[in-house]
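Engineer: Here are the chains, one letter per residue:
Number of protein chains: 2
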Amino acid sequence: MTAKPCIPKGTRDFSVEEMAKRNYIFDTIKSVFGLYGFRQIETPAMETLQTLMGKYGEEGDKLLFKVLNSGDFRSDVSDSDWADCNLNRLAARLCEKGLRYDLTVPFARFVVMHRNELTFPFKRYQIQPVWRADRPQKGRYREFYQCDADVVGSDSLLNEVELIQMIDEVFARLGIRVAIKLNNRKILSGIAEWIGAPEKIVDITVAIDKLDKIGLDKVNDELREKGLTEEAIALLQPIILLQGSNEEKLQVLRRELAVSETGLKGIDELEYILQKLSASALRSTLEIDLTLARGLNYYTGAILEVKALDVQIGSITGGGRYDNLTGVFGLPGVSGVGISFGADRIFDVLNQLDLYPKESRQSTQVLFVNFGENECGVCLSHLSRLRAAGIRAEIYPEAAKMKKQMSYADSIGAEYVALVGENEIAEGKITLKNMATGQQSLLSVDEVIALFV
Amino acid sequence: MTAKPCIPKGTRDFSVEEMAKRNYIFDTIKSVFGLYGFRQIETPAMETLQTLMGKYGEEGDKLLFKVLNSGDFRSDVSDSDWADCNLNRLAARLCEKGLRYDLTVPFARFVVMHRNELTFPFKRYQIQPVWRADRPQKGRYREFYQCDADVVGSDSLLNEVELIQMIDEVFARLGIRVAIKLNNRKILSGIAEWIGAPEKIVDITVAIDKLDKIGLDKVNDELREKGLTEEAIALLQPIILLQGSNEEKLQVLRRELAVSETGLKGIDELEYILQKLSASALRSTLEIDLTLARGLNYYTGAILEVKALDVQIGSITGGGRYDNLTGVFGLPGVSGVGISFGADRIFDVLNQLDLYPKESRQSTQVLFVNFGENECGVCLSHLSRLRAAGIRAEIYPEAAKMKKQMSYADSIGAEYVALVGENEIAEGKITLKNMATGQQSLLSVDEVIALFV
Numbered sequence: 001m002t003a004k005p006c007i008p009k010g011t012r013d014f015s016v017e018e019m020a021k022r023n024y025i026f027d028t029i030k031s032v033f034g035l036y037g038f039r040q041i042e043t044p045a046m047e048t049l050q051t052l053m054g055k056y057g058e059e060g061d062k063l064l065f066k067v068l069n070s071g072d073f074r075s076d077v078s079d080s081d082w083a084d085c086n087l088n089r090l091a092a093r094l095c096e097k098g099l100r101y102d103l104t105v106p107f108a109r110f111v112v113m114h115r116n117e118l119t120f121p122f123k124r125y126q127i128q129p130v131w132r133a134d135r136p137q138k139g140r141y142r143e144f145y146q147c148d149a150d151v152v153g154s155d156s157l158l159n160e161v162e163l164i165q166m167i168d169e170v171f172a173r174l175g176i177r178v179a180i181k182l183n184n185r186k187i188l189s190g191i192a193e194w195i196g197a198p199e200k201i202v203d204i205t206v207a208i209d210k211l212d213k214i215g216l217d218k219v220n221d222e223l224r225e226k227g228l229t230e231e232a233i234a235l236l237q238p239i240i241l242l243q244g245s246n247e248e249k250l251q252v253l254r255r256e257l258a259v260s261e262t263g264l265k266g267i268d269e270l271e272y273i274l275q276k277l278s279a280s281a282l283r284s285t286l287e288i289d290l291t292l293a294r295g296l297n298y299y300t301g302a303i304l305e306v307k308a309l310d311v312q313i314g315s316i317t318g319g320g321r322y323d324n325l326t327g328v329f330g331l332p333g334v335s336g337v338g339i340s341f342g343a344d345r346i347f348d349v350l351n352q353l354d355l356y357p358k359e360s361r362q363s364t365q366v367l368f369v370n371f372g373e374n375e376c377g378v379c380l381s382h383l384s385r386l387r388a389a390g391i392r393a394e395i396y397p398e399a400a401k402m403k404k405q406m407s408y409a410d411s412i413g414a415e416y417v418a419l420v421g422e423n424e425i426a427e428g429k430i431t432l433k434n435m436a437t438g439q440q441s442l443l444s445v446d447e448v449i450a451l452f453v
Numbered sequence: 001m002t003a004k005p006c007i008p009k010g011t012r013d014f015s016v017e018e019m020a021k022r023n024y025i026f027d028t029i030k031s032v033f034g035l036y037g038f039r040q041i042e043t044p045a046m047e048t049l050q051t052l053m054g055k056y057g058e059e060g061d062k063l064l065f066k067v068l069n070s071g072d073f074r075s076d077v078s079d080s081d082w083a084d085c086n087l088n089r090l091a092a093r094l095c096e097k098g099l100r101y102d103l104t105v106p107f108a109r110f111v112v113m114h115r116n117e118l119t120f121p122f123k124r125y126q127i128q129p130v131w132r133a134d135r136p137q138k139g140r141y142r143e144f145y146q147c148d149a150d151v152v153g154s155d156s157l158l159n160e161v162e163l164i165q166m167i168d169e170v171f172a173r174l175g176i177r178v179a180i181k182l183n184n185r186k187i188l189s190g191i192a193e194w195i196g197a198p199e200k201i202v203d204i205t206v207a208i209d210k211l212d213k214i215g216l217d218k219v220n221d222e223l224r225e226k227g228l229t230e231e232a233i234a235l236l237q238p239i240i241l242l243q244g245s246n247e248e249k250l251q252v253l254r255r256e257l258a259v260s261e262t263g264l265k266g267i268d269e270l271e272y273i274l275q276k277l278s279a280s281a282l283r284s285t286l287e288i289d290l291t292l293a294r295g296l297n298y299y300t301g302a303i304l305e306v307k308a309l310d311v312q313i314g315s316i317t318g319g320g321r322y323d324n325l326t327g328v329f330g331l332p333g334v335s336g337v338g339i340s341f342g343a344d345r346i347f348d349v350l351n352q353l354d355l356y357p358k359e360s361r362q363s364t365q366v367l368f369v370n371f372g373e374n375e376c377g378v379c380l381s382h383l384s385r386l387r388a389a390g391i392r393a394e395i396y397p398e399a400a401k402m403k404k405q406m407s408y409a410d411s412i413g414a415e416y417v418a419l420v421g422e423n424e425i426a427e428g429k430i431t432l433k434n435m436a437t438g439q440q441s442l443l444s445v446d447e448v449i450a451l452f453v
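As you go down the protein sequences, you meet chains A and B in turn.
Under this note's numbering, the residue at position 35 of the first sequence is numbered 35, and the numbers go up by one with no gaps.
Under this note's numbering, the residue at position 340 of the second sequence is numbered 340, and the numbers go up by one with no gaps.
The set of hints was computed from the structure by calculation and includes no laboratory data.
For every residue, glycine included, the Cβ atom is placed at its ideal position computed from N, Cα and C.
Hints should not be assumed to be uniformly reliable.
What the hints assert, rightly or not - In silico DSS-like pairs for lysine-lysine, Cα to Cα no more than 30 Å straight-line:
#1 K276/B with K358/A
#2 K30/B with K21/A
#3 K403/A with K9/B
#4 K404/A with K276/B
#5 K21/A with K21/B
#6 K30/B with K404/A
#7 K276/B with K9/A
Said to hold, decoys possible - Computed list of chain A residues with no C-beta within reach of chain B, every gap over 12 Å:
#8 N23
#9 E193
#10 K210
#11 D217
#12 G314
#13 R361
The following block holds chain A by itself, in its conformation from the complex (with noise of 0.2 Å):
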């Protein structure tokens, strides 16, 4: 019974200090949201396995957390089940319910099963913990949460617009200097129609995918190993280097794909997205970037990601359209575009930089020492005054050594500390500490209070 206790590989404890920085990075992103008229749902942990296998693809499937059925797990087992090799059909007979992979799948779950009571377009987003069987490692976490908006049941290229916009103003608040990559998935397609590979599309993206950490010659060699021809690796040469303003970018691009009607498509909403958007003074950088193929089975049209400029770090944010929502769920024909906020990246960065403002600490404003009995009750009665005005105080509960209450005071961050003795008693003021400076003043709580307000 007395083990040292510990917590399962991969997952966290948040301490006081970890919740009050990530809840400036959610109450950040959630007000931007608010502004933008998403609104807020929440979905159970645990999703059927019906609903969540066969959703992530063969790997995604073991990576998922399964939950053991309740009461007698083994009544759906039979001796056979158990002596046969197959994990997965065992798993299936032992579970009927998993642990939430990501967002994505129980909001199209969601849309399909509440498609009555909801009207479209349906701007959702939805802030909780997804849970996946992955190896551990720096920076990768077993529990950690998601942070997603999506639209659903619009093709208008203004949703893309302004989640643009809403990422952009996430970051100017958060005080983080970022560039924002943009693509598209037609374009993706347009080029591999143009060099007549276009059954070729996802091993192309994935190799060009790679520029940046195998350079060019690798990649080649990648799509010579995928069978690409000599004459379309050479074509392809312009794409994959493609250089210059997001205008001259869109100018080669239309230029190399003008036979291809999609590639034109897609070429169309890039500049659609990006001429809407020079109208409003992003503080972002906004850049083409072809080498951005993440969720490309999945993504249809826009394609996004976020890159903060002054850390070095994956992509902070990601997104992009998809056709398709929901047809898993037997209900065809809902297309959706959304976004995804990295909070964990997110708050490495602000670690970093140093970003995060005094305020987003919540600490105590005002503690008031203890002195004892007598001295307690008009402290009482001063801190129900103070926090109706809304201050954060409160009263170090024994009467112990000066020394025990000040270090306390300093293990909270209290900004300052209050002394109520019978001097001050008599004279119906407090002696405030100021906890940066060491500076003493005798206030009246009125005065007290006028320091918060």
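On the provided structure of chain A, position chain B as indicated by the hints.
Structural biologist: For chain B alone, kept in the frame of chain A given last:
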């Protein structure tokens, strides 16, 4: 693949309307927690089964959701484990993790694991879902949020005083009239001692707890069944039926329990708390209630429960003092006192009394009707200005029929609809329609903003 999707029984989706209401409740509670110096932590959804098992009684162990080990979950299970009928042992081989069953045990584990980083007293709050494989029924779910505040590492009764003030403040802010019922475990122990049946304390309090439901006669019958003598039962009568003001009750108790040191200690504690609170102008009723015996195996001092006065529903908040939170994890001597708000029931009470303020809906304040490409560009620039002023605003993403756009406005609860057509553009103005009154006015952007600030 296209089977009608569903969610696991006993779990819920929360719609945007429900989430807005829940956020209103949680935000209210969080603000009050913050004013009293409580700060938030979070712990992982999964804990090791070693942490969870044996903490909630045999019944609780059965109600834990267990998570199947990832990878080859069969490798730790011998064929005889499988053939054997011991489900508990088999589950322990298949699973090493389980879902959080409450917030108290993970908090105890947190305190022990982080004791060297924490300064005591440690005042934390925690708002997270918990999971129990209970049979679902009306008002009882398999996933529900708990909302706990605790102070650990302090024996001072000031903590009880502040927790009760917090409860009072939360319900005052929510507009729910409540009675806060108080008891003390030491008084109950004193009673058992006094009637000469100290080992019967649990039986006695369980029986007393049923007074409301089954009446005095059946309580006495139950005490008889549990082996109490007629003499003991006779002695108990004035206690079970204690009436009058808190002062009168304390007076009777002080007289009856004069022989019990423990009982008198409990009476002193209760009196101290009531006396300190009498100075603080609570809006709630405070009521000594000896039938209150919740969590008796657990609490060692104060026990409290909150009842809504205007709605027939069980306790909506509870709490008490415990002396040995962390002993089971090898850290003895950490006492604490805490409260837990019943978010689901508070949600129901607010619904029944229709007490949600309009602002809590967080719905869109201005919806711009989309008349087409040209008008849309102008709207985007108006939208930027409104949002910069903190107004929740959006534009319908397509130039759909007016009727469709207005029905969307209704569905999202938009306060105003903004019409920007040729005339408005020429004049640099907005026609704003109040959705509640139907009234329309032609306003400049500044005038629109002025409506909301």
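Engineer: All the hints need checking, so say for each whether the structure fits it.
Structural biologist: For each hint, the structure was consulted:
no.: 1; hint: K276/B with K358/A; in the structure: violated (34 Å)
no.: 2; hint: K30/B with K21/A; in the structure: holds (15 Å)
no.: 3; hint: K403/A with K9/B; in the structure: violated (54 Å)
no.: 4; hint: K404/A with K276/B; in the structure: holds (24 Å)
no.: 5; hint: K21/A with K21/B; in the structure: holds (24 Å)
no.: 6; hint: K30/B with K404/A; in the structure: holds (28 Å)
no.: 7; hint: K276/B with K9/A; in the structure: violated (46 Å)
no.: 8; hint: N23; in the structure: violated (7 Å)
no.: 9; hint: E193; in the structure: holds (28 Å)
no.: 10; hint: K210; in the structure: holds (28 Å)
no.: 11; hint: D217; in the structure: holds (38 Å)
no.: 12; hint: G314; in the structure: holds (23 Å)
no.: 13; hint: R361; in the structure: violated (9 Å)
Consistency with the previously given hints fails for numbers 1, 3, 7, 8 and 13, ordered from lowest to highest.
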